[in-house]
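Colleague: Listed below, chain by chain, are the residues.
There are 2 protein chains.
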Amino acid sequence: MSGEQQTVTVDLGERSYQILIGEGLLHETGKLAQQAGISSKSACLVVSDSHVAAAGHLKKVTDSLRNSGYRVAEAVIPAGEESKTLAVAEQVFDQAFDAGLDRKSAIFALGGGVVGDLAGFVAATYMRGIAFVQLPTTVLAHDSSVGGKVAVNHPKGKNVIGAFHQPKQVVYDISALRTLPLREIRSGVAEVIKHGIIWDRSFFEWIETSIDPIIELDSRILANMLARSCAVKAAVVSKDEKEDNLRAILNFGHTLGHAIESLARYGTYTHGEAISIGMVFAAELSCELGKTDRASAERIRNLLQRAGLPTEMPANLDPAALLQSMKQDKKATGGKLTFVLMSEIGRVEIINDIDETVVLNLLRRLGRSS
Amino acid sequence: MSGEQQTVTVDLGERSYQILIGEGLLHETGKLAQQAGISSKSACLVVSDSHVAAAGHLKKVTDSLRNSGYRVAEAVIPAGEESKTLAVAEQVFDQAFDAGLDRKSAIFALGGGVVGDLAGFVAATYMRGIAFVQLPTTVLAHDSSVGGKVAVNHPKGKNVIGAFHQPKQVVYDISALRTLPLREIRSGVAEVIKHGIIWDRSFFEWIETSIDPIIELDSRILANMLARSCAVKAAVVSKDEKEDNLRAILNFGHTLGHAIESLARYGTYTHGEAISIGMVFAAELSCELGKTDRASAERIRNLLQRAGLPTEMPANLDPAALLQSMKQDKKATGGKLTFVLMSEIGRVEIINDIDETVVLNLLRRLGRSS
Ligand SMILES: NC(=O)c1ccc[n+]([C@@H]2O[C@H](COP(=O)([O-])OP(=O)(O)OC[C@H]3O[C@@H](n4cnc5c(N)ncnc54)[C@H](O)[C@@H]3O)[C@@H](O)[C@H]2O)c1
Ligand SMILES: NC(=O)c1ccc[n+]([C@@H]2O[C@H](COP(=O)([O-])OP(=O)(O)OC[C@H]3O[C@@H](n4cnc5c(N)ncnc54)[C@H](O)[C@@H]3O)[C@@H](O)[C@H]2O)c1
Ligand SMILES: [Zn+2]
Ligand SMILES: [Zn+2]
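Chains C and Y, in that order, give the protein sequences.
Sequence positions in the first sequence follow our numbering and run 279 to 648.
Sequence positions in the second sequence follow our numbering and run 279 to 648.
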């Protein structure tokens, strides 16, 4: 193991856990699992996806666990969001059962947000909840490693079937990110920038100065970035574990982002790309409604551009359809339009009952200019 | 509404709820839901099964809810344990989604333990958990109305996929029990007797004097019985919400009971019948190991017989196979044999590491005598 190691503690009373961030940590999964109190008397299951397994990361994990005396089974799901279904979960339940997992067993989720959400859902519901360890291999998965949200998709809506289930531990090996496609790296950075905007101005400014080494995966910078970004999310969810109020600020950029994801042809935009456009829109809407100044909105657009993320409204998406989709979002209750708006970089607020006409006009205006 | 009404409070801090027990309460579902704080702004879903709907209970509930201003959708599943699957849950998710349920919606479970467990699982995982109201229509369902356990079965094991999700309210209309087949009534009484044995000697003695009016569904006696039986379970789970230790005493009679259920041809024994035999066995084993006296074991056997429940070991089940099945039970960790044994009526203890040979010999002996 080389380079700096970072630790973030997610403070949730007796369900508190640590996020360990560093180079080469997957080789120590077994030792770290022991430290986290995962019993080796019961069998465990490592869930991963086809890309991550092919990139060689799965073998590091299973070897390390076996070296520490764990009985290990593997479940490799096909890579991609299409695997995040109840049907694939049922296959993983099968494999967990066949491997003899009991109430004291643990499930390790090695992969991006898809593997984390699906394996976490299985861990949350297998025998009414067993231990769960996250081994994130994407930048975006730093986001899902905090907050305890686990889910699968329903044919009619994303993350409709899910639970809250906190991991026992998160082991984040940044060397695993070196096999991740560049587009996925940029996409994950979108959520990092969001964390700066909603909570921590100095973090946003640090990203402005560090964006080039970040995209080049400089080891020290990356570990720092992930730790700070996890810390923001941890601060938000510790104050509001069950998403009543504060937590909704995490949806900055997501109101429009989700609508773009659901209307664009599948695969056109990654989640991070969609929310990048959504964040530009939320900043513009904040200007439009007199909540913030032009300079702040421009600064956000610039940083997202430098991160290689799209910032223009998709010309082929109909503003009326986008509006309709936003009103049906599962975060909406009673068909009202809610936005997280910015007052300055580092400060946002949740506004319900946004005037539809303002939103529609802005969607049209920004759509034309692109 | 006629007759006496009973209320049991299940004390779980901010998740506390009430069990209302009385005649004709289903006609007041709407009013009671309002009192429990269920919003009528969002749509709700009543889940029931084909028998319960045919017996006319579903209409009472939907009428009452509509009269109180709720928008109500229905999901009727085929009656029987075979419906307690992820596949049927997926259909109910579909119906919930189509009916427009959102985070503020509620699911009402009208039926026995199958409907309660399945609809509760859907409520626990739909949008990561929405409100849940239980409307039990069997005697056995008094048991599932306390404890927050919800689940579906996996092809390879019962209740393997589940969660903990507390209801907002339980509305127990004892007049609904009048359409329940006698065998199901007796079967539910087995769990009532269990609650006397494990926790409350005076309750056991009260059942001894009341067993005839109980089986005849005397309204006052029944309401009393259900309230006391719920209160025992509530006392146990309040002290141990997450099944670490104390809660395991609820498995009295279930170690062998589960093995009988899984080895006998499907439908041969109801759950209550299987645990009736299991309780006789647990009492005999307690004698055998010098924990209790013969007289107590006989008293248990007598009461179960008077309730019309089976007390003899099934002659056609192989003792070695029963033993094997008990060792594989999901409550077992690491293949060890755990029993809840009785020291006297009203007092039990959990014993791990029971000697297999003693169990096997007793199974053989009791099997021969039947
Ligand atoms: N639970 C939460 O709080 C939360 C938060 C944000 C996002 N999410 C979920 O996360 C999912 C998106 O996460 P994601 O972007 O990580 O997607 P992902 O898991 O699909 O990973 C993206 C792609 O990268 C591949 N990959 C992952 N790691 C790799 C590696 N090290 N080397 C090579 N290829 C690798 C994957 O196989 C996949 O093709 C969505 O389903 C979203 O709903 C959940
Ligand atoms: N969650 C828990 O804590 C818990 C506790 C005990 C049992 N359970 C579960 O409960 C289930 C068994 O419960 P159950 O015995 O109530 O089974 P059930 O729900 O299948 O009901 C038994 C039968 O009676 C019918 N029925 C129900 N109410 C009726 C009525 N009023 N009139 C006419 N017919 C009616 C049903 O359609 C069914 O055919 C099992 O799946 C078991 O795992 C759960
Ligand atoms: Zn996001
Ligand atoms: Zn039982």
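One should not assume that every hint holds.
Copies of the same chain look alike in the list, so a pair counts if it works inside one copy or between any two.
[What the hints assert, rightly or not] Derived SDA-like pairs: lysine to any residue, alpha-carbon spacing no greater than 20 Å straight-line:
1) Lys319 with Gln296
2) Lys382 with Glu360
3) Lys434 with Lys605
4) Lys382 with Ala314
Keep in mind that the hints were calculated from the coordinates and are not lab data.
Colleague: A separate judgement is required for each hint: does it hold in the structure or not?
Modeller: Hint-by-hint comparison with the structure:
1. When the C-alpha separation of Lys319 and Gln296 is checked against a cutoff of 20 Å, the pair qualifies neither within a copy, at 23 Å, nor between copies, at 40 Å.
2. In this assembly of identical chains, Lys382 and Glu360 lie within 20 Å of each other by CA distance neither inside one copy nor across copies; the values are 30 Å within and 28 Å between.
3. In this homomeric assembly, Lys434 and Lys605 come within 20 Å of each other (Cα to Cα) only inside a single copy, at 15 Å, whereas the closest approach across copies is 42 Å.
4. For the identical chains of this complex, Lys382 and Ala314 are intra-copy neighbours only, at 13 Å inside a copy versus 36 Å across copies, given an alpha-carbon limit of 20 Å.
Hint check: violations occur at hints 1, 2; the rest are consistent with the structure.
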